[in-house]
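Novice: First to last, the protein sequences are chains A and B.
Sequential numbering from 1 applies to the first sequence in the working numbering.
Sequential numbering from 1 applies to the second sequence in the working numbering.
Mixed in with the good hints there might be a few duds.
[Said to hold, decoys possible] With a Cα cut of at most 16 Å, we get these calculated EDC-like pairs of lysine to aspartate or glutamate:
no. : chain 1 : residue 1 : chain 2 : residue 2
1   : B       : K112      : B       : D270
2   : B       : K73       : B       : D270
3   : B       : K112      : A       : D32
4   : B       : K54       : B       : E136
5   : A       : K28       : B       : D111
6   : B       : K423      : B       : D412
7   : B       : K260      : B       : D65
8   : B       : K112      : A       : D37
9   : B       : K112      : A       : E36
10  : B       : K228      : B       : D512
11  : B       : K54       : B       : D125
12  : B       : K54       : B       : D111
Think of the hints as simulated: they come from the structure by calculation, not from any bench.
In case you want the letters, here they are:
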Amino acid sequence: MSAAKMQWPEIRFKVNGAERSVSVPPMKRLLDVLREDMGLTGVKEGCGEGECGSCSVLLDGVLVNSCLVPALQANGCEVLTVEGLATNGALAHIQQTFLELGGTQCGICTPGMMLAAESLLRKNPQPDLDEIREGLAGNLCRCTGYMRIIDAVRRASQTPTSTAASVREETVRK
Amino acid sequence: MGDMSQTRIVGTPALRREGIDKVTGGARYIDDIALPGMWHGATVRSNIARGAIKDIRFGAGIAWDEFVIVTAKDIPGENCIPLIVDHDQPVLAETQVNHPEEPVVLLAHPDKARLHEAVAAVEIDYEPLPAIFSIEESEQQRTIVWGEDNVIKHFLVEKGDVDSAWLRAAHIVTGEYHTGAQEQLYIENNGVIADWSEADGLTIRGSMQCPYYVHRALLRVFDLPTEKVRVIQSETGGAFGGKEDYPSMIAAHAGLLAKKAGRPVKIIYDREEDLAATTKRHPSRTRYRTAVDREGRLLATDIQVDLDGGAYATVTPTVLSRATIHASGPYFCENIRIRSHAWATNHPPHGAFRGFGSPQTIFGIERHMDQIAKAVGISPEEVRRRNFLAQGKTTATGQEIRDAIDLPGMLDRALKISDYEAKRLRFARENATSSVIKRGIGVVSFMHGAGFTGSGERYLNSLVGMEADAAGHVTVLVSSTEFGQGTNTILSQVAAEALGLSCEDVSIAQPDTQRVPNSGPTVASRTTMIVGRLVQDAAYALANILREKKLLGEGYSAAGFRAACATYTERFGALRVEARYQAPKDIFWDDAAYKGEAYPAFAWAVYVAEVAVDLRTYSTQVVNFYALQEVGRVINPLLAAGQIEGGVAQGIGYALYEKVVWKDGRMSNSQMTNYIMPTAVDVPNIEVYFDETPCEHGPYGAKGLGELPHDGPAPAILNAIQNATGINFTSIPLLPEDMYLRMVETPEPGTMETVECVK
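Only chain B is shown next, with the shape it has when bound in the complex (with noise of 0.2 Å):
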């Protein structure tokens, strides 16, 4: 299956599922429905910090009785979204606040109009806590606002021997660095609909990448068995991991009111509602202390990964997981150990974002290796050539790298394309004679994990449905969500090809808990690999079921399946198959020690930046872009190179212009107006291209590649403008503000570097 043989639909450019809907207009998002009878609802929030609530008032003016009022005494079951930690994030706040913006009181109303003046004559009263906004406030451990320690959860990674290296070493360069909070900035807003009836319990509609997880909340929030829930996802409008978990709570605010009520709620959040209230990227600091040999070869690597959780666990701890893991980056070293700890704060709960942790130390360990070459007296790609890891080499967690990956070959192969060494020479001799705009080019190097990390596969064990019917149109049953990235339209193609027919005899059927199986969540870059190689085994299930009957040959074409189907369906009835996940058997992990393999497969890159800094407005440009990847083979190649120009979009952003402004533990800059992604004149020319190598696991040899393209632009920037104005910038967002303050701060480059030399 991991092959490269003749395919007739994977591998081409086939016209997106969905397209046509949505360049009509007739694409239905979840504020495009109305219910009959429908009421809409809103969310009453802290506006303090962390604090006892001591008094919920409902203020002069307002025709209370026509509004129906929800608090934390409604909820029938657990006042919890269940995640990872069992009691982390209350539905609502009944006792006490642990940040800004939190649930405390909903209410729902006929007339949208209304609900805006009604949310503010709400009044609380609470008794203030002390309260703490930063990884250095919470590791000090003076004020306690999570558990015994403040530590949402920790690893540590150790291979080899770290201590014993240092005496070795012909240089131990050191660094810290920082990234900021990110936004995911989808352009359609968190929102649902709730309907309730006895009957029929609790249905819910809604913009979200994960139909399951809001499945599995409300089970328990509402004490609902099974088939009393129901969710269904309606088309949504860029998710990017802002919509894995929050959905379950608006979802249940929706529910609560909906239950209360006795009729339809719509929840739809504002802008400002969503930037404020909803997660964000994990802010993050990493330490690394790292020893090389004269040659630059890596003998020891120290890490800290440290990252801001904000007040609840929620999907914390795995992001902290995938951070830790790539953190070393795409290297082999021998001696490594990793200490990483997710620390809470007093900030709402930050959550998942394309990369998952994996673009804040792969920030991290791309800039340290260019502070390395420095120290060493090479070129950062030579420090990168030395150390990569290698097929039979093994990464931090001891896993052996099984791919014929050649790295050296892929970094030559980039260098060529964005005409690297002549662009670097060109650039220091002009930059020598220009005060004003110093031009730059940086390269990076690095993998990302496709799949849930270690064992999550095999605790997902996920189901894939498919159906035909008898006129031989076939449906693929999955909870795997279109978002943008192209589920529809890859789950189409794989089923497609392995069935012998074309796109448009296959559709995709809208997730919805009473129709499709659970086949896992959206996110991990593990759609196209895991359940698109399930669709692949229901394909072949599908047509070896109507081989047994001797309906169908060996070869056959789409009218004789068409044929089978009709007679298979009137003689037996309808025709359904199941396909479920099967761990590969040589795959090991050890959760106790961190051992083990950690990912099924990765995705490799090297991109370059190359950037133009204005030294009078400390502005600065990203003129061009190249983006250089394996991800095995590639579905559909205009699909997987909008994903990789998107991600690198975002990246830029993350690099130099997207900064959440915090004031008192509240996003103070919750507009578009004032929280700035990149437009179409920020983001330059974006080259694509990617190297093939079949991977055994996916269909047709695919692997994920959705998250992969938000980890390298950041660092590539960032080496870009080191290599323009020879300064060693260490935190993102590098605004031109930022970039001022540490040129006024620090004038002579290069003097914040931290080289020790031993020898």
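Isolated chain A (complex conformation) (with noise of 0.2 Å):
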């Protein structure tokens, strides 16, 4: 097996800002590279056929399926998983929110979820409601119904730094 691998070609890309390379069948999918060849298991698989995003990355800042995309296609690119959101154990703002404000229950779709938002987010810094719904409408989520995700994606848009007692206050209706 090894020295079937050995003929395949090095594929080389950049993932969450560290140089990597791999020699991967050339159609194996990104999705599976990131998990099992380079241990990056934030990334989620939930239906395999681009409907769910669950394995949403950015790819030279575009938000693609990584079920979708072969190897191949990111020789040369850069990849940003959940991994590569928070710099130094800080959290980034958005993972912030998410955690603040509800934004994650059973915490499969959140990764995501998220980079959709960071997507988002880096296009259109001030999106208005419906620009976030539709900004998040490629990632299902079956248990919090959006609410708090759309909540904490317009938190993140609205505040440069956030102060953790104060989001929360605001997101609980009485």
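Each of the two chains sits in its own frame; use the hints to bring them together as a complex.
Specialist: In structure tokens:
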């Protein structure tokens, strides 16, 4: 098996800021390369056909379903996964608002959902409600009914930094 | 204990305990785990609905000697997944299959990629047998596929004298309502890893709700003593009932492969297998015949409930029970008869899904109440107001309501919050001049019993453990699982509150049958109310031990607690307590007559849905949704609101989007591409409100709320659609094509209604 593996061309790309290279079948799914060859298991598989968005990553800044992307297509690109959102142990703003506003329940859609939110906010830093809904429409969540996720994205777009207590106070209706 | 006294932590939006792991990608779900030397497993399933197995052949072109192959002959113990009925669903079919996608052969190989073609190369020869796929076919009993009469379970509930009431009626209103199967659609598919060794026996790690259900099943399948089976729940990516019973099956499969292979084996379903092979919500048919007086007061109700149970019993008897008890709604009626049957068919077994039978019958009664209102000539809200249950009145099973529940007050509040009256007038005015968009608003009221039905909690006899170490850190030991709904956080809050500590001073042990006692399954809206109360009891017991040893005073600080734990541990060793369920003394239940206190407590709700129906596309958009509920004390308002919103979204899917398309007993749309659930664009703004009346049975007055929000949305939406279009739609899911067909078949609005006017 290792002999066969050596025959595959090397694919090089940057993942979460670090140069990585793998020798894998060029049509291997980027999802599997990230999970199996690079140990980035924060990238989840929900459907394997590009419907649920759990495997969402940013490929050169573009939101893609990594279950539909062959590894070859990532050659020379930059990939951002959930593991690359936090910097030096500090949660990214979008992670903080998901955590504090109830944007994660079972957590399986959360990595992909946060990358969809990140992609939206990079393109449109001040989205309105409809734009947030549209921006998240490719990512399915079965737990939340999306309300708290929408809150988290809106909050992330409104404040450059968060203060946990004040964020939580606001979100709870009486 | 059932009080609203000042609390520090209960009632606050404490952060989700495992939240940081979930937002960083660090949470480890079963497919994120690999054991050394692990192989991968796959399942060969039946491709017919019913037939005798004649031969199993392993086709050419596959290096079969590289595979581990398991059939029913490899099962060391009983070939059965025990749950409620003995000799029920086999682990692997041996002589006959009874539904499509029934497991027959298991394969394992080190390379996951090789399994797909190997599964396809196994050929099973059958002698086909006649199969049935509907309640109607099953009740005709021309083809018997279960027992002697196809009846998996039946109940009869009788209160008063229904038969003598019809002559006194001003109106008799009849109706028949249908609900379809619904997939739980947790985003993490089912999966387990099994590990086997002669010394330790079988260890299962996996995505699941009920570790002790899996444990019990494996003891019988593998014929092992208790200590030789260990079940550990890994992080679980949604469940909603769909991981209540099926994980026992997958665990048995992976275990059989691991035992034969002598190495760990992982089985992870892909979406198509998970959709086609595992459980769904029971399809239902409910029939109501109701006598009312001139003012619309209920005189008598005769109800028939019929469920499609699928090919094996699994949890169906208890689903039917809950469906039956909830079928008469939150209304008082002196004369009620409910006859209910669960019918066997050759569908894969239907199972648990949030609400567990109650969304089906609440759909029936809440659609029916609107038809009664129409027959009497009063508004939908008025017919409800005139018939509400109240303190001192009795339910269908004769349970006297002890809660100080104020349903008329809740109805008023929900109508005000939603601006119901003004919208109803405005929509009527606007609809008269709009030929394309018709707007409507609908209201429902309902209740949901928390905990196991009847004597169920007594049989469960749940046990909770709690430990404190020398540093004063407390660990809660429960088999109750977290799968997104908030178990870890809620139980931490209860323990921290009771001990005078902070949430960070408390951990919830990973559910592992070798470490935690059996606190019962994580189902039936029971975890906060029943298990939470035991956690509170254990916390008090723990503090009392420290007091008895004179290490703590009546009032103490967190530092004082830590010092006491250090001293206790040094002098006496480990500090550990247990709390066992004790049935409330005033709860009586007669299983034979189906009479008595069905549940220790009910949650109550009034929901309002606002819709816009587009008569060009026949599509319905839910424009606004208002959810008011009384759930006792809310332990964590953020998580509670998240539960309600998520349940409402699933209910919207149930009503308008989610259709299982059956073909010869198999789900033919077993992909997320064509089984459609709501997206962020489809779910409206959901406004959530709580009334909090403390309940004496739960910790700090809490009741269960997890299933409640799935009960109301579907009938509320269809009531709103009737308000918008004038048409009495009686079936869900109501997709645009269903609405189109119904409107073309009966173009005159309202002609489907069956109202007999007696006087």
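Novice: It remains to establish, for every hint, whether it holds in the given structure.
Specialist: Each hint, compared with the structure:
| no. | hint | result |
| --- | --- | --- |
| 1 | B/K112 / B/D270 | holds, 12 Å |
| 2 | B/K73 / B/D270 | violated, 27 Å |
| 3 | B/K112 / A/D32 | holds, 12 Å |
| 4 | B/K54 / B/E136 | violated, 30 Å |
| 5 | A/K28 / B/D111 | holds, 14 Å |
| 6 | B/K423 / B/D412 | holds, 15 Å |
| 7 | B/K260 / B/D65 | holds, 13 Å |
| 8 | B/K112 / A/D37 | holds, 15 Å |
| 9 | B/K112 / A/E36 | holds, 12 Å |
| 10 | B/K228 / B/D512 | holds, 13 Å |
| 11 | B/K54 / B/D125 | holds, 5 Å |
| 12 | B/K54 / B/D111 | violated, 30 Å |
In summary, the structure is inconsistent with hints 2, 4, 12 from the numbered list given earlier, while agreeing with the others.
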